[in-house]
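Kindly generate the complete structure, drawing on both the sequences and the hints.
Line by line, the protein sequences are chains A and B. Heads up: the first sequence begins at 1 in the numbering used here, then just goes up one per residue. Heads up: the second sequence begins at 1 in the numbering used here, then just goes up one per residue.
Accuracy of the hints is not assured; some may be wrong.
[As the list claims (entries may be wrong)] SDA-like cross-link-like pairs, simulated, lysine to any residue; straight-line CA separation at most 25 Å: (1) A:K96 <-> B:R120; (2) B:K204 <-> B:G65; (3) B:K37 <-> A:Q177; (4) A:K92 <-> B:G164; (5) A:K163 <-> B:D13; (6) B:K37 <-> A:A136; (7) B:K204 <-> A:E100; (8) B:K37 <-> A:P142; (9) B:K241 <-> B:L224; (10) B:K37 <-> B:D13; (11) B:K241 <-> B:N122; (12) B:K204 <-> A:A52; (13) A:K96 <-> B:Q211; (14) B:K37 <-> A:L169; (15) B:K240 <-> B:L224; (16) A:K92 <-> B:L56; (17) B:K221 <-> B:I133; (18) B:K204 <-> A:R99; (19) B:K204 <-> A:R98; (20) B:K241 <-> B:G220; (21) A:K92 <-> B:W201; (22) A:K96 <-> B:W201; (23) B:K37 <-> B:A12; (24) A:K96 <-> B:L56; (25) B:K221 <-> B:R131; (26) A:K92 <-> B:R35; (27) B:K204 <-> A:R94; (28) B:K37 <-> B:Q7; (29) B:K241 <-> B:Q211; (30) B:K204 <-> A:A51; (31) B:K240 <-> B:M125.
[To be verified] Label-pair restraints from in silico Cβ distances: (32) A:K71 <-> B:D234: 43 to 49 Å; (33) A:K71 <-> B:W201: 35 to 41 Å; (34) A:R130 <-> B:D234: 47 to 53 Å; (35) A:R67 <-> B:N53: 28 to 34 Å; (36) A:E95 <-> B:R158: 25 to 31 Å.
Hints listed in this document are in silico derivations from the structure and should not be mistaken for laboratory results. Beta carbons: idealized from backbone N, C-alpha and C, even for Gly.
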Amino acid sequence: MKAIRMPWAAPAAVESQRAPRQSPVEDEVVALYDQLRVPVMRYLLANRVPAADAEEIVQEIFLLLFRNLQKEKLGVNTAGWVFGAAHNFWLKHREKTRREAGLVDGWDAGSEGVADPTARADSMLLSAERQQTLMAVVRALPEPQQQCLQLRAEGLRYREIAKILGMSLGSVANALQSALARLARADR
Amino acid sequence: MHLSDEQLLMLADGELPEGDAVSARGHMQACWTCREKMAVLENTINAFIRERNEELAERVPSAAGPRALLRARMAEMAAGQRPRRAEWLVGRVLAAAACVCVVAGTVVLLEIRARAEGPRPNAAMTPGETRPISLAEVCSHPTAEVVVQDISLETRQRVLEKYGVRSGVPGDFEVDYLITPDLGGAETVRNLWPQPYSARWNAKVKDRLEQRLHDLVCAGKVDLETAQRDIATDWIGAYKKYVGR
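Right, dumping it as structure tokens:
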């Protein structure tokens with residue numbers, strides 16, 4: 001059954017023929033979706049979630065948001081809530097991917113098992129493009145640093161990041177500073 | 001006494017307490033060393049954000065389709081009922097969304113038992129079942145996707161219960177037709193089973209077979225009955241036969 005692909009294949013037909021009578025909650029969710037879809041997609045893609053899976057996760061997040069808004073359950077910090085949900089979905093996705101692969105692969109294990117992962121990435125400087133190099137350094141960072149960096153890159157404040165990742169404010173600041181120091185060394 | 005790297009970052013990010021921020025800014029005005037360190041920090045942030053967003057921007061598809069799907073899913077959830085007959089095309093779109101919601105619904109409510117079924121249905125429980133359909137009906141749509149039918153909540157629950165699926169994680173399973181509706185598959189529990197996405201032979205692979213069979217049937221290269229039989233008896237074998245690889 002092609003339940004997923006069909007509406008995507010003909011969005012214009014969907015929009016034009018439905019003559020939608022959207023509820024205020026649906027409109028509100030769509031407005032938030034338009035505002036946050038790209039940042040959340042970027043966050044998931046940066047965490048190596050395949051694009052199709054990332055899109056589906058974004059759908060799930062906003063359907064969850066829709067349900068919560070119907071029950072008036074959402075607090076004031078919508079972006080923080082959405083990224084918190086994205087983080088949790090990513091954790092599930094990663095766990096599933098690892099389980100299917102039958103191993104704990106080099107995703108972030110490298111950052112724990114290699115003495116200085118940045119050194120390996122640094123060596124790429126000589127031959128690789130700057131973008132590739134910077135991204136390689138990011139991927140070699142310890143996972144908390146990567147997560148802090150990616151969430152900060154999407155505009156989240158330290159307090160929000162700390163809540164999502166279950167870290168202290170000081171740890172967030174420290175992780176970001178360490179990550180940027182490594183990036184600065186690699187980009188010299 | 002210079003500002004630490006962490007203080008500089010927190011100052012740049014507006015995360016220093018106000019009193020500390022005032023002192024830090026005062027220090028910065030007097031200290032070229034800290035200003036130079038701040039410039040390096042800002043350059044690093046600029047380089048990272050520019051390269052990151054540039055790399056990722058290329059991989060984010062257009063929002064139009066996904067937005068339409070989200071609207072359809074929300075409408076379906078809000079309505080909580082099947083669409084009216086008059087809204088034929090809309091109904092099919094929403095039906096599709098409803099099918100997605102079968103899987104999506106498991107997102108919140110359910111968790112799948114560890115004993116996941118394989119890529120083939122249980123032949124005793126899901127032998128495949130057809131409904132009367134003409135070749136003209138099959139071929140009235142250019143793609144197999146267009147002819148998709150709603151699966152009632154009750155039927156879906158019966159299928160899941162039959163296969164011992166108690167709960168689910170999003171996207172793990174798709175309650176799928178064995179014989180796809182566009183080839184005359186019926187919406188009965190004998191023609192439905194929870195198909196895992198995770199297996200190599202998953203729902204998405206089967207979608208390709210269904211499209212291929214639709215094309216072959218409509219091109220007169222395979223008769224409808226053969227297509228129905230082949231997909232019902234061994235869809236993986238049929239995939240190898242008709243799609244290859």
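Taking the numbered hints from earlier one at a time, note which ones the structure violates and give those numbers from smallest to largest. Per hint list: 13, 26 violated.
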